[in-house]
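Asker: Residues per chain are reported as follows:
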Amino acid sequence: MNIVVCVKQVPDSTEVKINPETGHLIRAGVPSIINPYDHYALQAALELKAKHNFKVTLVSMGPPQAKSVVQMGMALGADEGILLSDMAFAGSDTWSTSYALAKAIKKIGKVDMILAGMQAIDGDTAQTGPGVAQQLGIPQITFCEQVEVDGRRVIARKQIDGGYEVLEARPPVLLTMIMTKDYTPRYPSFLAVSASLKKPFHVWSAADVGAEAHFLGLKGSPTQVSRIYPPPQREKAAMFSGSGQEGAGKILEIMRSEHFVE
Amino acid sequence: MASMDAISRNLMLDSLKEYAKRRIPYDLIRELDEKNEFPAEILKEMYQHDTLGLHLLMVPAEYGGVSGGTFDIYRVCEQLARIDLGIATGVFATFLGTDPLNVGGTEEQKEKWLKRIAGENLLVAYGATEADAGSDLVNLRTRAEHVVKNGKIVGYNVTGNKQWISNGGVADLYTILALAPGGPSWFLVERNMEGFSPNKHEDKHGIRLSNTAGLSLDNVYVPAENLIGMEEGKGLLQAQAVFGYTRVVVAAFGLGAGEEALEQAIRYSQQRIQGGGPLSEKQGYTHKLIVPNYVRMEGARSYIEYTSQRLDSGEHGLQTEGAIAKYGASEWGNKAADDAIQALGGYGYTKDFPVEKIKRDIKICCIYEGTSEVLEMTIYRGRWQEHLKSRGRYYLDMADRLDQVHATEPKAGAHAAALGLRALAAVLEECRVQKLTRHQHVTFKLGKLICAAETAAIFSTAAAAPKYSETVRFDREGWQAMARVFAREAALNTALEGLALVLGAAEQAGNLADAVNIEAVQAEQKGMIADMDLVAAKLKQTFKAK
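Residue numbers (this note's numbering), protein chains in the order written: chain A, 52 to 313; chain B, 1388 to 1933.
Incorrect hints may appear among the rest.
To be verified - Chain A is faced by these chain B residues, among others (derived, beta-carbon under 10 Å):
id, residue
1, Asp1392
2, Ile1394
3, Asp1401
4, Asp1437
5, Gly1440
6, Leu1441
7, Leu1444
8, Gly1451
9, Ser1454
10, Asp1862
Keep in mind the hints are simulated off the structure, nothing from the lab. Even for Gly, the Cβ is constructed at its ideal location relative to N, Cα and C.
Pulled out of the complex, with its shape left as it was, chain A reads as follows (with noise of 0.2 Å):
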């Protein structure tokens, strides 16, 4: 089988903060990291590839510093990596972006399995995997906490509310994944970054994948963000310590002050 994985470098949200003037998020300082639900992604695909020799190959979608978090996956075992890297793919939302990467994958060829992160922590959207599978034409299977292969069959556990339900596909099929133990990402070695660059790397632009320019960018995408701005600050909470009937006693005395209750 051929997996392909699709990764995004995002912002470590941890560090980011959004500057209120002008709406803009601070980036000075802020280290870039591969989105985490990827990177789990990219453990199932390599505990599949280790388990059925399966060939694993990345794309992803970024300015050409992207390259880090492909050469990451290549430097965990992944066989091949591609970054698509265009000033046309500047501004794209998740639509232009599915359809983007949709373009790569068919140039790829022969696509058994596409496993993606159920979202990226910049944007939580959610909608980018399932958009490529939209794309495809192919099925899809969202929230997977697992996924198995027996044969042609593709066998994922889809986490739903209140537990999870099995379900099977037949190839092609996309996947996304969610973040569970059953895949802690790895980090590399020095020795295999460094073996990594010995891997087959590609830059493909727009036209190496046939992407049409009014599909792309800004002007390409029906989505449309008319302002990012950090909500507002709440303000901060009246902690009490002691007892619980102590502390309820003291919430009720202040729901009676603010006239909550009578």
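Following the hints, complete the assembly by docking chain B onto the known chain A.
Answerer: Showing chain B alone in chain A's frame:
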């Protein structure tokens, strides 16, 4: 070796950070520090090829390593120092111990030993220091006597004692400097050789996770093929050949530990409310304890990078540059860690907070690989020669180049840095005319002034460049403000301290106050508080409270 590409380097750094996060939490470090215990398992694990393979960084690819350059090694060592300076020292000892082999080994020796170090994950120790031979290796007492068979030298009997050897009690392989009949020479000594024994692990003030022990060599038979370079008498040259690089590594330790202490203080200061607001908003706190220190550390960083890049581009030696890098980073880092304790107040004085340990640890940077005083002398000697050779033009020419930098980018502090260099040139010249360098104190003090003035020049040049190094975590506005603060302080100290130095030593006072252009240096201080405000704001923005 040239440095590797930035992406590979940063992936390695990420792996190291993640490893430390998982395996070396502060609680464990604190426990080991208290017990004075070397974490052998962790070191071995860090060397495992499929975990990190940290030691492969300094082994060329043809011998199974990853061919790290000085810049790569500086980055990794900075990160190690942020984790724990004792562990960093243990790793560095392997790097240092391997250096004589890298520099002076024959092809056969490299093929055999570098491959073993890489493949068998050997811990290595560098055995140079003795009771009477520290930075001054001329008084070396350890002897290597010929063992002759059939008229041919087949080996050496090595006898002597080494002290304060990092990894001394735990290494698998030792490079030992001994006095052979042909002069000081390096020998490869294996732990299990008869007559070789490590002494007790020292009970140290800091870097307690690093094993430090003396070594006893009692008639240890070392085969002739273990003489590095297969030629006697090359030992001191081989040791000196890597001073530029090894001192950059220790500079990286001072930088990493110093900045780590400050960053912890910056995060703390945003949560600590005193007098109606967080400490991070109070100039009496930030402008005394945080800003000047952080600015100096960034100055040290720019000098470390400048030296690393020159070494990676193939320049050799750079002993003076290595000394400047190490002296600045160590002294400023030590001061930064001290102020970080002050910045955390009573908390900082307890072992619950890492700054207390960092302060104990970082002091070693002012001692090993050349004490600060030895470096003051080294810096002075190197640059005094340049001053004489150029007939006083060395720093004036550098100042002229900074004028050009200032003309293209006036916000990077290049003007202040140029003033500092011209003041330095005037002080040096006055010392020459009045023969003041007969006073040792003058020469050492000149070393200190040179370090700051030259670092200011390099920092301003870097801050004026169109593109910044991957290590700069601030925007252009913030980093240039830092360069301006550094350059102003350096110019003021050079002029005032240089003037005081000359006046204190000279028999007649000349017009040095005019020559150092004290008025212009003072006028240049305009805007200092506003810049410090800006730096304080940028630091808070970059190192947010957790």
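Asker: Confirm or reject each hint.
Answerer: Against the structure, the hints:
The closest approach between the C-beta of Asp1392/B and any C-beta of chain A is roughly 8 Å, which is under the 10 Å cut-off, so the hint is satisfied. Interface hint status for Ile1394/B: upheld, as the beta-carbon distance to the closest one in chain A is roughly 5 Å, under 10 Å. Taking 10 Å as the C-beta cut-off, the interface hint given for Asp1401/B holds, the closest approach to chain A being about 6 Å. Evaluation of the Asp1437/B hint against chain A yields a held restraint, the C-beta minimum of about 6 Å falling below 10 Å.
Hint on Gly1440/B holds. Least Cβ distance to chain A is approximately 4 Å, under the 10 Å limit. Hint status for Leu1441/B: holds, given a least beta-carbon distance of 7 Å to chain A, under 10 Å. Annotation: interface hint on Leu1444/B holds; nearest CB of chain A at approximately 6 Å, less than 10 Å. For Gly1451/B, the suggested interface contact is upheld, since its CB lies about 8 Å from the closest CB of chain A, less than 10 Å.
A cut of 10 Å between beta carbons decides the hint on Ser1454/B: the least distance to chain A is about 8 Å, and the hint holds. Satisfaction of the interface hint for Asp1862/B is found here, the shortest Cβ-Cβ separation to chain A being roughly 4 Å, below the 10 Å cut-off.
In summary, this structure violates none of the numbered hints.
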